[in-house]
Amino acid sequence: MIPAGFEYHRPSDIASAVSILQEHGDEARVIAGGHSLIPMMKLRMADMGHLIDLQDIDALKGIEIGSDAVTIGAMVTQHELITHEGLSNAVPLIKEAALLIADPQVRYMGTVGGNVANGDPGNDMPGLMQCLNATFELSGPDGVRAVAAREFYEAAYFTARDDEEILTRITIPVPASGTGYAYEKQKRKIGDYATAAAAVMIGGGTASVAMTNLADTPIWSDPAGAALAAGDVDGCVSAMMGAIDPVADNRGPIEFKKHVAAVILRRAIDRAQSRAR
Amino acid sequence: MSKMHVKMTVNGKEVEGLAEPRTLLIHFLRENLNITGPHIGCETSHCGACTVDLDGKSVKSCTVFVAQAQGKELTTVEGLVNEDGSLGVLQEMFREHHGLQCGFCTPGMITRAHRLLQENPTPTEEEIRFGMAGNICRCTGYQNIVKSIAAAADTLNAQKEAAE
Numbered sequence: 001m002i003p004a005g006f007e008y009h010r011p012s013d014i015a016s017a018v019s020i021l022q023e024h025g026d027e028a029r030v031i032a033g034g035h036s037l038i039p040m041m042k043l044r045m046a047d048m049g050h051l052i053d054l055q056d057i058d059a060l061k062g063i064e065i066g067s068d069a070v071t072i073g074a075m076v077t078q079h080e081l082i083t084h085e086g087l088s089n090a091v092p093l094i095k096e097a098a099l100l101i102a103d104p105q106v107r108y109m110g111t112v113g114g115n116v117a118n119g120d121p122g123n124d125m126p127g128l129m130q131c132l133n134a135t136f137e138l139s140g141p142d143g144v145r146a147v148a149a150r151e152f153y154e155a156a157y158f159t160a161r162d163d164e165e166i167l168t169r170i171t172i173p174v175p176a177s178g179t180g181y182a183y184e185k186q187k188r189k190i191g192d193y194a195t196a197a198a199a200v201m202i203g204g205g206t207a208s209v210a211m212t213n214l215a216d217t218p219i220w221s222d223p224a225g226a227a228l229a230a231g232d233v234d235g236c237v238s239a240m241m242g243a244i245d246p247v248a249d250n251r252g253p254i255e256f257k258k259h260v261a262a263v264i265l266r267r268a269i270d271r272a273q274s275r276a277r
Numbered sequence: 001m002s003k004m005h006v007k008m009t010v011n012g013k014e015v016e017g018l019a020e021p022r023t024l025l026i027h028f029l030r031e032n033l034n035i036t037g038p039h040i041g042c043e044t045s046h047c048g049a050c051t052v053d054l055d056g057k058s059v060k061s062c063t064v065f066v067a068q069a070q071g072k073e074l075t076t077v078e079g080l081v082n083e084d085g086s087l088g089v090l091q092e093m094f095r096e097h098h099g100l101q102c103g104f105c106t107p108g109m110i111t112r113a114h115r116l117l118q119e120n121p122t123p124t125e126e127e128i129r130f131g132m133a134g135n136i137c138r139c140t141g142y143q144n145i146v147k148s149i150a151a152a153a154d155t156l157n158a159q160k161e162a163a164e
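Chains as they are written, first to last, in the working numbering: chain Y, 1 to 277; chain L, 1 to 164.
These are calculated hints, taken from the structure and not from any lab test. Given the structure is predicted, the values throughout are model-derived calculations rather than measurements. There may be inaccurate statements among the hints.
Dumping the calculated SDA-like pairs for lysine to any residue here, alpha-carbon to alpha-carbon at most 25 Å [said to hold, decoys possible]:
no., chain 1, residue 1, chain 2, residue 2
1, L, K57, L, N32
2, L, K13, L, E92
3, L, K72, Y, R29
4, Y, K61, L, K3
5, Y, K187, L, K72
6, L, K3, Y, R10
7, L, K160, L, P121
Okay, chain Y solo, but in the shape it has when bound:
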């Protein structure tokens, strides 16, 4: 319950935040909503000398709806994702998934950037962002670079982000109108990470499929999407089953997770197909 002490910083622009990160190296971490980091600090599984609070940085806020793409600031909360009408119209899959994340209080604080940068395979947004083919913008001492969500995740808690970089914005292509979508999540109770979850988009002769918490990273499968685009649901499920690699934990043994994964994926496909026009 009791975290170790730290020095607290609250910079008001990205450059200052990056320079504090640079100055203190491994000893510094950024804090966004704090709803993964603080719990880890309270269990003393995370311990840092310097905490850099991003809440005053306006450049990390806001949702912009363009005709081809939406961009979302890293500090946008789950609550804002759910209540933003323009976003719900442009990319309705995001609201559907966000409502399956955590609980109301956590959604007021937890941010989309924290969710995708955390690196915990239990988080829902990473698989979702891979399904949507999102791009993450990273700001560091050498400037800004973009990394595709599909290239971002390396292993549990290991991502393409360097220690001195901050994930600043997320860009998501707006799906063509009539695209069917679904985020289906099996969980033990409200607020639990998924036993298995699937993000599916289908329409206009294309499809994209990703799954959550069934490996040490989210899994986006190109062959699964290609099979689904061709109308081959069984082929899609079997390609995805070949790509996942779950481990046994309190949510069940490996065989059970594979079974649930297939069920959840089929449900997501059904619902996405029923919404496609």
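Using the hints provided, position chain L relative to the given structure of chain Y.
Relative to the frame of chain Y, chain L by itself:
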């Protein structure tokens, strides 16, 4: 670690104190300010017994450092009484519909319900249950909490109509 000078507004009053940045908001409220309605029921951010209203959001104060809350406006269950000190509508309805037993989750429940009804003044039963899902209760089985909140919504809406 050195202490920082913390200032915030709690239940309409400006308050201040000295605390290390790592101090959790719940501990600052309970131990520095003696506002002991919000409770601690877990160390994993699940139970919601510590829920307060922070700048118009329901927040679990066990998962906010006091440094993050610097300069903000808070409401706790103590601030949800009427101006004359009598029970607020939610508090009255929890009493009337037996929405509490041991009372340990109640401050968090009522503070969360307060924000829920601001955002959705006419919730369905399903919306109440989903909207209260960040708050765990060991005693009631939730049924009477749902009734209490639905009754509070009806009362508040009737009051609003009468005022118009």
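*With a cut-off of 25 Å on the C-alpha distance, tell me whether K57 (chain L) and N32 (chain L) pass.*
OK: K57 (chain L) and N32 (chain L) at ~22 Å, within 25 Å.
*Measure nothing beyond the straight line between the CA atoms of K13 (chain L) and E92 (chain L); if it is 25 Å or shorter, mark the hint as holding.*
24 Å, holds
*When you check the alpha-carbon spacing of K187 (chain Y) and K72 (chain L), does it fall within 25 Å?*
Roughly 35 Å separates the two Cα atoms, so the pair is violated.
*Are the Cα atoms of K160 (chain L) and P121 (chain L) separated by 25 Å or less?*
11 Å, holds
*asked:* Run the distance test for K72 (chain L) versus R29 (chain Y): straight-line Cα separation, threshold 25 Å.
replied: 23 Å, holds
*Is the hinted pair K3 (chain L) and R10 (chain Y) satisfied, with a Cα-Cα distance of at most 25 Å?*
Given pair K3 (chain L), R10 (chain Y) holds - Cα atoms ~16 Å apart, limit 25 Å.
*For the pair supplied as a hint, K61 (chain Y) and K3 (chain L), confirm whether the alpha-carbon distance does not exceed 25 Å.*
30 Å, violated
The structure is inconsistent with the numbered hints 4 and 5, although it conforms to all the rest.
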